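Q: Let the sequences and hints guide you as you build the complete structure.
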Amino acid sequence: MILKGVRALVFDVFGTLVDSRGGVAREVAPFLRRYEVACDPAEFADAWRRRYSPSMEEVRSGRRPFTRLDVLHRENLELTLLDVGLDPETIPSSEIDALNMAWHKLDPWPDVVSGLRRLKSGFIIAPLSNGNISLMIDIARRSNLPWDAILGAEVARAYKPTPEAYLRTAEILGMRPDEVCLVAAHNSDLLAARNCGFRTACVPRITEHGPKQTSDLSAEQDWDFVAKDLEAFADVLDT
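The numbering of the sequence shown is our numbering, which starts it at 1 and goes up by one.
Because the hints were derived from the structure by calculation, they are not lab data.
Source: prediction; values computed, not measured.
In this text, a Cβ means the ideal position worked out from N, Cα and C, and glycines have one as well.
Hints may contain errors.
[Said to hold, decoys possible] Listed below are the simulated DMTMM-like cross-link pairs for lysine to aspartate or glutamate, each with C-alpha atoms no more than 20 Å apart in a straight line:
no., residue 1, residue 2
1, K4, D235
2, K120, E75
3, K4, D238
4, K105, E57
5, K212, E43
6, K105, E75
[To be verified] Ranges between beta-carbon positions, derived for each pair:
no., residue 1, residue 2, range
7, K212, R176, 16 to 26 Å
8, P88, D235, 14 to 24 Å
9, P110, T214, 21 to 31 Å
10, D224, P88, 40 to 50 Å
A: Listed below in structure tokens is the structure:
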């Protein structure tokens with residue numbers, strides 16, 4: 001009864017389903033060693049990620065046409081390389097392209113694959129991520145995420161948390177907003193979805209940003225459901 005009337009579960013991906021920080025740091029480490037950069041890989045991953053939202057804001061504000069996240073990540077990577085003393089112009093473009101693929105090689109949290117499989121038995125499941133289609137496909141194929149569809153910003157042509165990202169997703173599914181539930185670790189994402197009429201489920205990931213994380217440590221509002229992980233979510237939904 002908790003999610004009565006809900007037909008689809010859509011999921012935030014970065015941080016909620018996959019360990020973005022750990023995966024990017026793992027892929028960055030050999031590159032930094034090769035170029036003898038005295039920067040902790042996790043700190044590099046953090047610096048790269050800090051440019052994530054500002055770059056999307058250029059699109060959200062209308063100052064820039066919709067641009068897929070892979071392109072924004074590539075531009076942000078060059079700026080981050082400059083920050084650690086590397087001139088991207090002196091590095092083969094193929095190496096930067098390969099490093100940018102770090103976001104395609106992220107691993108899920110331990111509960112994710114089994115939890116999604118259980119939830120799929122009772123609901124349509126799909127990502128609602130700011131990641132582009134090919135990025136979501138690569139992550140899914142790497143870990144066998146059992147999506148029914150690949151949805152998100154590139155499909156909706158809008159980045160979260162703009163209302164269009166959520167409302168167009170519901171429209172694409174042929175559903176009313178209240179028939180769709182967003183599952184996410186981030187309170188701001190959940191709030192934006194709820195403001196669009198979505199149902200909400202919070203799954204906190206208290207180590208998403210490393211051991212010193214200070215944000216999104218718990219549910220900050222009365223969401224429709226709060227679970228410690230996807231397995232617990234499936235337990236209560238009896239799927």
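Q: Which hints from the list above does the structure break, by number from lowest to highest?
A: Hints 2, 4, 7, 8 not satisfied by this model.
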